[in-house]
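Engineer: Sequence:
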Amino acid sequence: MATLPILQHEEKIIQTVNQNPVVVIIGETGSGKSTQLSQILHRHGYSNSGKIAVTQPRRVAAVSVARRVSQELGVHLGEEVGYAIRFEDRTSHNTRIKYLTDGVLLRESLADPELNDYSVVILDEAHERSLNTDILMGLMKRLVKVRSSDFKVLITSATLDGNKVSKFFTDCPVLTIPGKLYPVEILYNKERPSSYLESSLKTALDIHARQPEGDILIFMTGQDDIEKLVSKLEDKVRALEEGSCMDAIILPLHGSLPPELQVRVFSPPPPNCRRIIVATNIAETSLTVDGVVYVIDSGYVKQRQYNPSAGMYSLDVVQISKVQANQRAGRAGRTRPGKCYRLYPSRVYDDEFLDATVPEIQRSSLAGCVLYLKSLDLPDIDILKFDFLDPPSSESLQDALKQLYLIDAIDENGAITNTGQKMAELPLEPSLSRTLMEANNYGCISEALTVAAMLSAETALLSAPGRSKIERKRKNPVTNLPDGSGLGDHIQLLQIYECWDQTDYDIGWCKDNGLQVRGMLFVRDVRKQLSQIMQKMAKGPLDIRTNGKGEEFRKGYRNLRKALCTGYANQLAERKMHHNGYRILGFQSQVVQVHPSSVLKADELGKFPDYVVYHELIATPRPYMRNVCSVEMRWVVPIINKLKTLDVYKLSGGVEHVEEETERNLPDFPKKDVDIVASGDDRESRIQAARERFLARKGNK
DNA sequence: CGGAGGGCG
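Here our numbering is used: the first sequence runs in plain steps of one and ends on residue 802.
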């Protein structure tokens with residue numbers, strides 16, 4: 102234990118913490134910061150007046166670090182040392198050191214914004230800049246002022262942006278704790294390769310043929326590239342003359358790989374055999390592979406980003422940041438000196454890579470975040486001027502306000518409503534919380550709970566190897582899986598869960614139908630958690646039983662779809678007259694399609710419904726609505742009316758300067774477009790009226 | 001008809 106570098110700095114750390122409310126700790130990999138900082142503070146009495154909280158961006162980390170620390174202190178996990186993650190709280194009144202995910206601490210701060218349980222909060226892995234950690238940093242900055250002397254905040258960060266964090270916390274001190282990494286030699290390509298797939302292949306084979314033993318870790322961007330590279334590597338390795346060099350096994354590693362295949366990277370290779378692991382950035386932080394001596398870094402990563410003016414996400418391949426490049430290189434030096442082959446020139450690293458990854462808060466829709474901050478009701482905090490380490494654009498904040506207004510979470514002045522306050526209690530995206538609120542009024546809360554839970558797990562539902570097969574199955578009536586009665590994907594998700602429910606949560610049934618067991622169990626947990634929160638809010642019994650093909654089924658799921666329409670008022674689309682493209686309402690004008698994987702059915706004329714709500718817009722690179730639900734025009738009318746009263750300036754509390762009225766894209770078909778649609782009649786006139794009022798309002802500005 | 005990096009309540 103004495104070998105951990107951080108322990109040699111114990112005195113300095115305590116002295117600095119004594120004298121400062123906030124301290125930034127730059128702890129390199131292997132410094133022991135995650136396990137030792139809490140213990141050091143504990144030893145020096147910081148846990149006497151309250152608990153020491155240590156946040157982690159990931160659950161597994163919170164659990165495993167807590168376990169380690171409890172062992173080191175020789176106590177039972179859950180006593181002096183415990184952890185809290187979603188669905189699981191292993192702490193007691195004895196707990197002095199509590200590891201928790203950043204999300205859990207945020208939830209706790211909803212109940213007690215001053216976090217009076219804690220004397221110290223350590224935000225670990227803050228350099229990863231997770232959305233929740235960024236919000237927490239903003240809250241901590243306020244809290245150290247409010248709670249003054251008895252409260253300490255420690256933030257761990259990376260070398261490259263430690264000073265930035267320090268500046269944010271009014272120039273607090275920065276302590277650097279060296280790590281225990283072995284040196285890693287960095288080798289650059291002279292030029293950027295035309296194909297980083299081919300370049301990785303060549304580099305890997307080169308290492309395999311010429312370098313001493315040690316595993317190779319290759320960072321690629323996604324499943325597709327990984328599969329291609331794995332198969333090429335297998336061909337080449339097989340073609341090598343026997344005995345000319347050692348054996349090699351090739352292992353893919355990415356998130357949609359089933360867990361039993363993921364854990365293969367944790368078992369050591371047979372003797373005289375080299376492992377070549379081809380991974381996404383899952384191997385950058387989430388999973389640590391032992392035995393890696395060589396890293397091949399493509400310099401790219403797949404990143405999800407949100408465009409607030411279009412209300413759309415895209416998944417793009419982008420260049421990594423310097424922090425990421427260093428993190429990747431560090432993976433080669435965990436067991437002995439290693440080498441990192443960067444498939445790009447050093448000038449690209451120097452001149453083109455950003456210092457740090459663009460924080461998630463600048464790449465996400467902020468509706469949930471803004472609702473959360475509003476619900477805290479901090480008198481001294483103005484949401485639009487909330488002090489973030491890296492503030493999101495005002496465009497993004499206004500988009501969030503607009504969305505929250507459309508789903509009744511805030512009023513026209515931007516103040517949180519009673520509905521909004523309740524919505525914030527639910528661990529869901531605002532659209533889904535709003536759907537639950539509404540479903541409660543329509544007597545379909547059970548169905549809505551299921552839909553919300555299913556969508557919370559969505560990506561974890563389909564098993565990886567059969568993904569494309571399942572997608573085909575979704576269309577193909579040969580399968581036993583229900584088809585959403587043609588009404589869309591939300592309904593299908595509900596029906597799938599109800600089928601599973603009827604098998605008494607049979608695991609075999611999941612496997613037979615190509616559904617991930619872990620994903621479905623997660624859905625059941627989420628549904629239970631949501632039910633409990635709803636019961637508590639209702640202050641009375643709520644019929645949350647799953648009742649299979651009951652009332653809602655017979656009524657064409659009308660109540661549920663109506664509730665979804667209200668919840669997704671900010672994600673509404675109207676079909677173009679002459680084809681099956683949709684225009685989305687409330688964002689800048691654009692035409693989108695229903696995602697090909699959708700089970701939404703066209704009518705006998707081949708037309709989709711006039712109106713749908715969608716769970717997500719994704720450009721890949723063509724714009725699609727993913728997970729759509731058919732809704733009726735008369736449910737849509739009040740939403741269109743609300744869109745007309747939208748005044749972002751007022752929503753912002755009249756304080757923020759709004760540059761220019763963004764186009765609302767209210768329904769306004771060109772005159773020549775006289776294609777007759779099912780519900781044509783009074784739709785046309787309403788649309789015309791809406792258009793005129795909108796234009797009139799615009800003219801007034 | 002298209003494609004899914006990672007993570008959290």
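I should point out that these hints are in silico values taken from the structure, not numbers from a laboratory.
Fair warning: there could be bad hints in the mix.
Unchecked claim - Calculated lysine-lysine pairs in the PhoX-like style (CA-CA distance at most 25 Å, straight line): (1) 303 <-> 265; (2) 637 <-> 242; (3) 663 <-> 612; (4) 423 <-> 265; (5) 281 <-> 291; (6) 637 <-> 677; (7) 303 <-> 281; (8) 440 <-> 337; (9) 281 <-> 242; (10) 329 <-> 113; (11) 677 <-> 663; (12) 113 <-> 291; (13) 677 <-> 708; (14) 702 <-> 677; (15) 268 <-> 303; (16) 246 <-> 333; (17) 629 <-> 523; (18) 656 <-> 640; (19) 640 <-> 523; (20) 265 <-> 242; (21) 677 <-> 745; (22) 523 <-> 329; (23) 637 <-> 612; (24) 403 <-> 246; (25) 291 <-> 486; (26) 333 <-> 113; (27) 663 <-> 745; (28) 281 <-> 403; (29) 268 <-> 113; (30) 637 <-> 663; (31) 303 <-> 242; (32) 291 <-> 333; (33) 523 <-> 751; (34) 113 <-> 242; (35) 523 <-> 486.
To be verified - Beta-carbon label-pair distances, calculated as ranges: (36) 165 <-> 618: 20 to 26 Å; (37) 451 <-> 281: 24 to 30 Å; (38) 165 <-> 652: 31 to 37 Å; (39) 368 <-> 165: 14 to 20 Å; (40) 448 <-> 738: 27 to 33 Å.
Backbone N, C-alpha and C define an ideal beta-carbon position, used for all residues, glycine too.
Engineer: Under the constraints set out in the numbered hints, which ones does this structure not fulfil?
Structural biologist: 1, 2, 3, 5, 6, 7, 9, 10, 12, 15, 16, 18, 22, 23, 24, 25, 26, 28, 31, 38 and 40
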